[in-house]
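*Asks:* Chains as they are written, first to last, in my numbering: chain A, 10 to 124; chain B, 2 to 115.
Since the hints were derived computationally from the structure, they do not count as laboratory data. Some clues are possibly wrong.
Partial pick of chain A residues on the chain B-facing surface, computed with a CB cut under 7 Å [unchecked claim]:
1) Glu51
2) Gly52
3) Leu53
4) Leu55
5) Asn111
6) Phe114
7) Lys116
Keep in mind that this is a model prediction, so the values were computed, not measured. In this text, a Cβ means the ideal position worked out from N, Cα and C, and glycines have one as well.
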Amino acid sequence: GNSVTQMEGPVTLSEEAFLTINCTYTATGYPSLFWYVQYPGEGLQLLLKATKADDKGSNKGFEATYRKETTSFHLEKGSVQVSDSAVYFCALSDILRGSQGNLIFGKGTKLSVKP
Amino acid sequence: KAGVTQTPRYLIKTRGQQVTLSCSPISGHRSVSWYQQTPGQGLQFLFEYFSETQRNKGNFPGRFSGRQFSNSRSEMNVSTLELGDSALYLCASSIIPDRYTEAFFGQGTRLTVV
């Protein structure tokens with residue numbers, strides 16, 4: 010079945026460091042891929058998305074490219090800030106059901122950025 | 002524009018009881034989905050509703066049920082609560098249930114079963 014695997018955390022970085030959070034997926038067909046962020050005590054917010062192979066999603070300095078050949082959607086940011094401290098979730102839509110309503114999530118990666 | 006509202010925010014129940022959680026989607030959104038978040042299992046899909054019809058259901062026992070009203074508000078019910086049902090329950094709404102359309106999440110209801 011469909012699944013998402015992302016790197017285990019926690020990840021601790023100094024401010025202005027480069028961030029990579031790895032995400033790989035298993036899916037039939039061509040799912041849409043997403044990165045969501047969850048700040049403490051909050052629900053999830055969509056950070057970026059890509060709906061087809063080679064698409065690059067970007068938002069707030071974060072980027073991720075949909076790589077079908079490696080079934081990956083790694084999240085990157087060139088210079089992290091303390092305010093980026095949160096839990097990041099990689100997710101895919103269930104293409105067979107064609108709806109974003111039933112997203113399949115990775116386990117989440119907690120990022121802590123130190124000043 | 003108001004976001005997705007979930008009530009209550011926190012709930013403590015005893016094993017064997019039942020509970021009802023409520024979700025009010027963003028105005029104009031007709032699709033509502035529910036997810037369970039636990040430290041061990043992560044985020045798992047419960048069910049999805051569109052225009053008062055359940056479109057999809059995740060792999061949860063029949064004790065978990067839901068419904069959607071004509072104003073798109075949704076409720077989920079868990080009967081005969083077990084300790085393992087303790088979790089953060091998240092609701093998400095979107096205009097339509099389409100994989101290209103952004104889903105907006107509420108802050109969740111934290112359920113503790115004792």
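*Asks:* Which numbered hints does this structure break?
*Replies:* Violated hints: none at all, because every hint is consistent with the structure.
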